[in-house]
Amino acid sequence: MNMSLKEKSTWISLLATIVVFGWYAINVMSIDMSTMRGEHANTAAMGYLSGAVLYIIVIEILFQSLIAVAGSKADIEGDERDRMIALTANNSGYWVLSVGVIITLGQLLLPHVLGIESFVRERFPLPLFEVHVLLFVFIMSEVVRFTHQVILYRKDAV
Amino acid sequence: MPITNKVRECRFFANEMTQQTLAEAVGVTRQTIMAIEKNKYNPSLEVAFKIAKLFNKPLEEVFAYIDEE
Numbered sequence: 005m006n007m008s009l010k011e012k013s014t015w016i017s018l019l020a021t022i023v024v025f026g027w028y029a030i031n032v033m034s035i036d037m038s039t040m041r042g043e044h045a046n047t048a049a050m051g052y053l054s055g056a057v058l059y060i061i062v063i064e065i066l067f068q069s070l071i072a073v074a075g076s077k078a079d080i081e082g083d084e085r086d087r088m089i090a091l092t093a094n095n096s097g098y099w100v101l102s103v104g105v106i107i108t109l110g111q112l113l114l115p116h117v118l119g120i121e122s123f124v125r126e127r128f129p130l131p132l133f134e135v136h137v138l139l140f141v142f143i144m145s146e147v148v149r150f151t152h153q154v155i156l157y158r159k160d161a162v
Numbered sequence: 059m060p061i062t063n064k065v066r067e068c069r070f071f072a073n074e075m076t077q078q079t080l081a082e083a084v085g086v087t088r089q090t091i092m093a094i095e096k097n098k099y100n101p102s103l104e105v106a107f108k109i110a111k112l113f114n115k116p117l118e119e120v121f122a123y124i125d126e127e
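Protein chains in written order, with our numbering: chain A, 5 to 162; chain B, 59 to 127.
Since the hints were made in silico from the structure, they are not lab data. Some hints could be false.
Below, a list of computed lysine-lysine pairs in the DSS-like style, where the Cα atoms sit at most 25 Å apart [unchecked claim]:
| hint | chain 1 | residue 1 | chain 2 | residue 2 |
| --- | --- | --- | --- | --- |
| 1 | B | Lys98 | B | Lys64 |
| 2 | B | Lys111 | B | Lys64 |
| 3 | A | Lys12 | B | Lys96 |
| 4 | B | Lys108 | A | Lys77 |
For reference, chain B alone in the conformation it holds in the complex (with noise of 0.2 Å):
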């Protein structure tokens, strides 16, 4: 997939929040946290901002697009 995240990188940095806790804070499933980690799942924008809000990030630097051309 072309975007890519560091979501779990922010988990790890943020007192090792644990993936049903930000699930919860976002309003997904913690199967979807274990997805987009995985980079399985690209999140809507506005879960996409959510997460980067909630760890105090800009969202380029929680998800990066990368050109595969």
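If we strip away everything but chain A, and leave its shape as in the complex, we get (with noise of 0.2 Å):
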């Protein structure tokens, strides 16, 4: 496949972001609430989420090391057509992150307003659960941004 080292790049992040943070949500989900206190759910959860920030960022140095070692400092830094599939792509990433912020707010205002606290909880046992939604909103926007570079490149045009 005839790839430039930025799209090399952007591959690595979707796939790094993809793969470290499925396994972080594995992980949380996983977590029995019914079984394991709060403050014990919270622990393991903030266990989990240091975890899966220090393996991503060990995976984007090391791999995005290795291709850039292969590259010429132009193919490092990008061209015009590189910078404009970025700007197009972080305008998707942007809309749903904006999305995602909206609907966390509304999340966080409409069960205290209607008095149903007690019944998303019930619904949804996660700990930590405002900073999970938060969390799952941002990596949905990276995840969006990423693909939509992919897409771009892949698709030869702007």
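Now that you have both chains on their own, put them together as the hints suggest.
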């Protein structure tokens, strides 16, 4: 496959985000809130989150360095097409992030206004629920951004 | 796209210049030259002028705007 250095870099970021935060989501969702006390569940979730952040940093540094070694300075910096693709994809990611933040605000306020907080917590028994909703929104926006970038590279168009 | 180009043809008549050589000369990646040649990407004016200058041709001889109306 004929890929520029920037496209390879985008693929690595996309796959790393999906794999690492997929692993994190599986682990957090498997925390049994009925047997684990709230404080312990929060500590376990924070442990997984720290692990995920550490993994993503290590993977990104390692793989991005490996592909950068093979490229020239111009390849690493990218050109006008790379920048235009990045900007277009950023718009998509930002749109998802904005909608997600509005939904999160609604989710934080509405159950309180409607008086159904306990119902929501029973239906979604996640430790640090609000943090995870925001984290999910952020990860989704990143995945959309990287995916859109990859699609634009593959289509050879902006 | 309403803008077409003769970059591939110009390269051919410039001693079969490679895409990589052209890319390095005008400061873009080889993939961008490929996209330009396939009419999938319209370069900026700066890059278009650089390409035309490299082949010693006026801009409108390398790039053309086709009015689709």
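Right, here's what the structure says about each hint:
1. B:Lys98 / B:Lys64: holds, 13 Å
2. B:Lys111 / B:Lys64: holds, 13 Å
3. A:Lys12 / B:Lys96: Since the Cα atoms of Lys12 (chain A) and Lys96 (chain B) sit roughly 21 Å apart, the hinted pair holds (cutoff 25 Å).
4. B:Lys108 / A:Lys77: holds, 20 Å
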